[in-house]
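Chemist: Letter by letter, the chains look like this.
Protein chains: 4
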Amino acid sequence: MTLRILATGGTFDKHYDEIAGKLDFGTSHLPDVIKRARITIPVAFEQVALLDSLDMKDADRQRVLASCSAATESGIVIIHGTDTMRETAEVLGAANLAKTIILTGAMIPYEIANSDALFNFGFACGVAQTLPHGVYVAMNAHVFAWHNVQKNRSAGVFETR
Amino acid sequence: MTLRILATGGTFDKHYDEIAGKLDFGTSHLPDVIKRARITIPVAFEQVALLDSLDMKDADRQRVLASCSAATESGIVIIHGTDTMRETAEVLGAANLAKTIILTGAMIPYEIANSDALFNFGFACGVAQTLPHGVYVAMNAHVFAWHNVQKNRSAGVFETR
Amino acid sequence: MTLRILATGGTFDKHYDEIAGKLDFGTSHLPDVIKRARITIPVAFEQVALLDSLDMKDADRQRVLASCSAATESGIVIIHGTDTMRETAEVLGAANLAKTIILTGAMIPYEIANSDALFNFGFACGVAQTLPHGVYVAMNAHVFAWHNVQKNRSAGVFETR
Amino acid sequence: MTLRILATGGTFDKHYDEIAGKLDFGTSHLPDVIKRARITIPVAFEQVALLDSLDMKDADRQRVLASCSAATESGIVIIHGTDTMRETAEVLGAANLAKTIILTGAMIPYEIANSDALFNFGFACGVAQTLPHGVYVAMNAHVFAWHNVQKNRSAGVFETR
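Protein chains in written order, with my numbering: chain A, 1 to 161; chain B, 162 to 322; chain C, 323 to 483; chain D, 484 to 644.
None of these hints come from the bench; they were simulated from the model.
Predicted model, so just to flag it, every value in this text is computed and none were measured.
Glycine included, every Cβ here is placed at the ideal spot set by N, Cα and C.
Fair warning: there could be bad hints in the mix.
[Said to hold, decoys possible] For each label pair, taking beta carbons as the anchor points, the in silico distance ranges come out as:
1. C/A477 / B/P293: 56 to 62 Å
2. B/P293 / C/L376: 53 to 59 Å
3. B/T233 / C/A388: 20 to 26 Å
4. A/S69 / C/A477: 42 to 48 Å
5. D/E529 / C/P454: 29 to 35 Å
6. D/D507 / A/D17: 33 to 39 Å
7. D/D538 / A/Q150: 55 to 61 Å
8. C/M323 / B/T233: 34 to 40 Å
9. C/A342 / B/T321: 45 to 51 Å
10. D/P615 / C/A388: 55 to 61 Å
11. A/P42 / C/M323: 45 to 51 Å
12. B/D185 / C/P454: 42 to 48 Å
13. B/H308 / C/I363: 58 to 64 Å
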């Protein structure tokens, strides 16, 4: 198996800007996260965007789709903001690529104590190698088909529609 | 899907004893790790042992097997020391249970900076839900069949035999 | 020596609210921080407020002053937001109490990777025991008299006026 | 004020060696710790040794003394193992240098969760600037004169003799 990791931003990758005093995007944490995971299979990393998913536009989703189409790896993990993860999943799902594409993210940024980011990334790297071709949302040990998932914003969890 | 998590000890769960000045076992980190992962599927936790895997005896492996046999969940993740992970996998593999059993662990203890423990745990929780029934070693994004894995101690990685 | 620690909020004590998706205040980290520091002298903790220092009003500063006046300890450490640390220092300085009062805080919240919070807290606990009576701002290994300090917001550091 | 930081090893600076599976010394964490503290006064760093303090010999203590003698800074912080911190303090104390020399360390290594290392380092950087010339042990918010301190090994704390 080989894996491609796509960074698009989202809570997972937010960084505390000490001058501005707020969470924003700096450089992606993913290269460090991949090193930390000590991944022993071939893995490629690509930064498509670093956006809050509420700021993601159609053109951004098309760039994500283009990266998935161009990838030579059969398993793809996309780090994405949770708020519009489903919308991107729908764009990718409709394209019907012969690949296993997993969207994941985090409820707490990677650099903040008690973050679920590394767990979700590991989980996504697992199911990206084992699920049949298709597009999935994988968060907090739960796999959802792209056409049957929604974020419950008040509870802060994903659920079936 | 439902998951059962079995703690047996190993590097993953080591704890720094500040009086003795060395790494040892205290209470398992797994309950905290499970909470941190915000797992949204049913999950059961069971502490079978807290041992360095070099200290694990046949009787300990039989207890792990007994817990796997008794489990009502179809997916089982076992946190285990890396040094004899393969030996325990062989005991479980030979039993041929109708379950998906994943052994995982860590190269760096969970409580130490830059640990791979949370990644490996997430990875194991993913493949425990998606692989066919059988026994597997899953470390650092790589899945191995139980009868075809060994630890390369000088490189600190798992590889096929 | 004995110490009193006063929490008033500020960057040091911010907490990531995973439902709202932003940094806010939950319960103070200070009780955990004090435990972690393994302080072996008598220490009292008091939560006066949990505010962004930009939201601190005259009445809040008067409550901080009242706590300082009422304290039986001769050394007081106040955890405070950086943006109006000087204004609170001025209120306390003018009161001319026979105590050593140290205002400190953090450029990065305690719960975020690479935070200076624990260092600044340790630094403040040191100079609170050793400086003559008076009011001081102590940040990033630098002690300032209360009447001669300002925050350089573009550089994110404190400096003399 | 200016500060000199001397690394000599000790629990503070221990590093988990994932191949050997134990705590040892790699490169010192101190350069990273100093950066993290965002120190805004002039600071010099010097690595004298990286030793478990039980392995420290007379010659090593003489090298620490030589570094203290040669230092142009008036405040010196020495990161040292706790087990023989008092012995080194005695060597330095007898030399009667016209400098403020603070020995500190940690009960839990810097890279392990819940470490007191950063707190102790901040504390030491504070009292190194404010105490009269002399040699002190400063641990867990408590300052001890060099001739009146001992480690209580069963309790894991320092106390007066």
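Chemist: Going through the earlier hints one by one, which of them does the structure break, listed in rising order?
Modeler: Hints 3, 8, 10 and 11 are the ones this structure does not satisfy, whereas the remaining hints hold.
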